[in-house]
Structure formats: structure tokens, C-alpha cells
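S.K.: Modelling step: build the complete structure from the supplied sequences, incorporating the hints.
Just so you know, the protein sequences line up as chains L and D, in that order.
Every position in the first sequence, counted from 1, becomes a number in the numbering used here once 1 is added.
Every position in the second sequence, counted from 1, becomes a number in the numbering used here once 43 is added.
None of these hints come from the bench; they were simulated from the model.
Wrong hints could be hidden among the right ones.
Simulated crosslink set (DSSO-like; lysine-lysine; CA at most 30 Å straight-line) [to be verified]: (1) Lys125/D x Lys191/D; (2) Lys65/D x Lys191/D; (3) Lys191/D x Lys133/D; (4) Lys65/D x Lys142/L; (5) Lys125/D x Lys96/L; (6) Lys117/D x Lys133/D; (7) Lys65/D x Lys117/D; (8) Lys142/L x Lys191/D; (9) Lys96/L x Lys117/D; (10) Lys133/D x Lys65/D; (11) Lys86/D x Lys65/D.
Partial pick of chain D residues on the chain L-facing surface, computed with a CB cut under 7 Å [as the list claims (entries may be wrong)]: (12) Ile59; (13) Leu214; (14) Asp224.
Ideal Cβ positions, reconstructed from N, Cα and C, are used throughout, including at glycine.
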Amino acid sequence: MDGVHDLGGRQGYGPIDVNEPEEAFHEAWEGRVLGMVRSMSRPEDWSIDWFRHCRELIDAVDYLSRPYYDSWLQTYGAMLVNSGVATVQELADGKDRGAASTLPPALAEAQVPDAAAAPVLFNRPLSDPPAFQPGDKVRAKRHRHSGHTRLPQYVCGVAGAIHACHGGHVFPDAMSAGEDRGETLYTVAFQIGDLWGDVERPDDIVYLDLWESYLEPL
Amino acid sequence: MSGLVNKGRAMTTKKIEHSSEKVAQIHRELHSHLPPEPALRVKALESLLVEKGMVDPGAIDAWVQLYSEDIGPKRGAQMVAKAWCDAAFKERLLSDGAAAAVEMGFAGWGSGHLKAVANGPQVHNMVVCTLCSCYPLAILGIPPTWYKTAAYRARAVREPRAVLTEFGVELAEEVQVRVWDSTAELRYLVIPERPAGTDDWSEDQLAAIVSRNAMIGTERDLAPTSQGGN
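M.R.: Dropping the structure here:
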């Protein structure tokens, strides 16, 4: 979707706070959100891509102005309501008014170390060979749609070159709508001078990881 | 959904309703009804999930402790230091970052498709996620807030040199900047250059001078300071 989250190249956001303290969490509630998200029981049909899409759907002003983990809380709240697991009123006052959860069990404290050491894999075997090879010239398509996508606006219509092919990876546009299927993933190199007209050094490179159907041959 | 998703193909049957309009409406309702302070909103959610039996408060504590103390940039620093001292490990790290993370005992969230990129005399790498906040959590821990801000996400792919200047990085004339926008599940780790004058240092001494920002790419020249030296 063409949301405010698609920030690459947008201007007007000011300087970066380069002197931020190094600790993991700056407020205690931030860690609580992360811990809840990592261990709560959840409907089996949630996915990282559905989460990302629900986060993108936060009101644009809230998206840009709320603290980061607050946007996670808002997103999981919306996902819980959407899945019929909680109501807005329950999230507002923290009081359970529904039946007992029938969801898969929550992660127990003793299971956390194993869960933290288990990588999630997103590669998927494909029967079709990749359409492009490293070195091929490609262009990012201009097609936009209102669902979830990982094709950022700032490369649409711009020519680049295939840098690497990674085989099949879960296709986010489909996964966010409940369909787990793979599509060939590539790293594509774009000359920064092809992306923007006022860059300091046009031969600097921006690499993006893009799925096959985002690209057309050039 | 334009031409990107094959509409003729049957969707997996799921009870979830993937309606953007409905979720946007729920967001507006939450905005109107939830407590004004983030800390109060979080407290309400935790109380509710505990009452519903949907979360173990001890598990939340365990995650907080893990990411506050155990899983952080020290892991990445150890990998970089080992790569500096052991050319074969560096080769493995560059060719299969996920396996290198397993080898170090650092596998976890975001290590499954780890991709290391090495700086050189004429190359400077820098990592961003313009669409959200993707980051190699198992290797570098919780990302700094600035990494997740609109300012960094917007500017890193358009004026990376201005961003680097803000972080105090000076680039020699011959250096090319390579920005990695983490738009898929690959997670990027920058291997900075080993500073001169550290030939006789141990891996532990070297790891002590590898900063988090150097592994994101917003720092370049690591100084052989008293932290690492004898």
C-alpha cells in the first residue's frame, strides 16, 4: 500500500539523534511489549507479513508520532480485535469479558531460551528456475496495490541490475493475505544517481531485496 | 491487487479476515478508546492477556532479561573479531551468515538469512530498513531507536553521505557507499575494517572495540583504544 510507512527518500524528517543511550530499552514498558509479542498465544494464521500490513494501516499521524513499541502494541491490539480474540473495550481497561482462550498455549518462561535460539526460515523450494541471473538488467515495476507489499515506492520504474539470486522466499504480498507460497527473491543493485537527481555521488549503490514479480526484464 | 498476486489461484482457507479497511477502522477505534499514555496501554494489554491465559508474565521477564543482557551487539562484535583473526571463518561468514551464526551459538531471531557485507579501503556499507525496522536481532540485539525513526529510514537511501556525516563518519575520496535496504528477510551485518596497530591483539581485545554502529554502518574507523589494548 502507498502508506506513510514507505519512507525511503521522503524529505522533511530532520536530523538523527546520534547520541541516543545504548541500552536496549529506554522505558520499562517497551520491554514488556517485546516480551508479550514474543510469547503470547496467537491464532495460527497470523504471520510476520500480516503484522507488517496491520502496522502500516495505523493512522498516518499516529504512525509517525507514536513511540516505536507503542506502534507494536497498537498493531497487536488491532490484530487481536480483528481475529475476535479481544474487544476494544477489553484492550482499553485490561479486563477480560470473554470466554477462556481456545488458542494454542502461550510460551512458558522455561521455553524462552529455546525460542530465542530458533531462527525462523522463510526460504521455500520452487520448481521453476529463476527468471533472472546475476548481471541481468531489470526494472522495478510501477504497479501499485493497496495490500501489503515489500516493493518500496522509491524504486518503482527505476532500472537496476540483479546482484544475487536467493531462490524461493515467502512472497509477502500473498502471505499477508494468508497464502504461504514462495517466489524467487533477488538482491537488486540501483545506482543512487538513477534514484534521485540531487545526490552527492551518483555511483553510490542502494541494494534492495525484491521478489521476481516486482521486476521486469530490461 | 494489480498484477502482483495471482488472483486465479485459490487462497489457503483461513478464518482470519484480511481486510485492510476493517483493520484501519479498528485502529481508529483503539486510538479513541485506549488510555492516553503508552505505559498505561501496555499495562492494560498485559493484564488482559494474563487474565485470558494468553501470556506467561515470567516469559515476558525472561525476554526482557535476554535482550537486556545476553543478546546484544557483543555477539556481532565477537563474530567480527573472529572474522578478523580467522580468514576461513570470514569466508564462511560472508558465504553463509546463518551457518556462521549457528557455529558461534548465536542463532535466533533474524539469523536464519544473515548476510554479512565487508567494508574495504574503497567500500563502505550501511544498513537500513525503509519499510519497517528489520534488523539482525540475534546478532546485534534490540535496534537503536534512531534506526527505527522516519528520519533515518527516509534519508539513508537518498543522502547516505549526509547521514554518515551526522554520525561523524569521514569518507576518503575513493570510497563508494553501498546501502542495503532490508526489504525481505535477509538481515545485514557490516564487517568493519580491522584497525591498524592491532596485529597482536586477542579476539576478546578486538571484540571490545567493535561498536554496534560500526556493524550497522554508521561508524567506520574503529580506534584501537584502551578498551581493547593492553
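S.K.: Give a verdict on every hint.
M.R.: Quick rundown of the hints versus the structure:
1. Lys125/D x Lys191/D: Distance ~29 Å between Lys125/D and Lys191/D Cα, so the pair holds.
2. Lys65/D x Lys191/D: Judged against 30 Å, a Cα distance of about 26 Å means the pair holds.
3. Lys191/D x Lys133/D: holds, 29 Å
4. Lys65/D x Lys142/L: holds, 28 Å
5. Lys125/D x Lys96/L: violated, 51 Å
6. Lys117/D x Lys133/D: Roughly 17 Å separates the two Cα atoms, so the pair holds.
7. Lys65/D x Lys117/D: Given that 30 Å is the threshold and the Cα spacing comes to 43 Å, the pair is violated.
8. Lys142/L x Lys191/D: holds, 27 Å
9. Lys96/L x Lys117/D: Measuring from Cα to Cα gives roughly 40 Å; hence the hint is violated.
10. Lys133/D x Lys65/D: violated, 48 Å
11. Lys86/D x Lys65/D: Holds, at roughly 25 Å.
12. Ile59: holds, 4 Å
13. Leu214: Violated. Min distance 9 Å.
14. Asp224: Holds. Min distance 5 Å.
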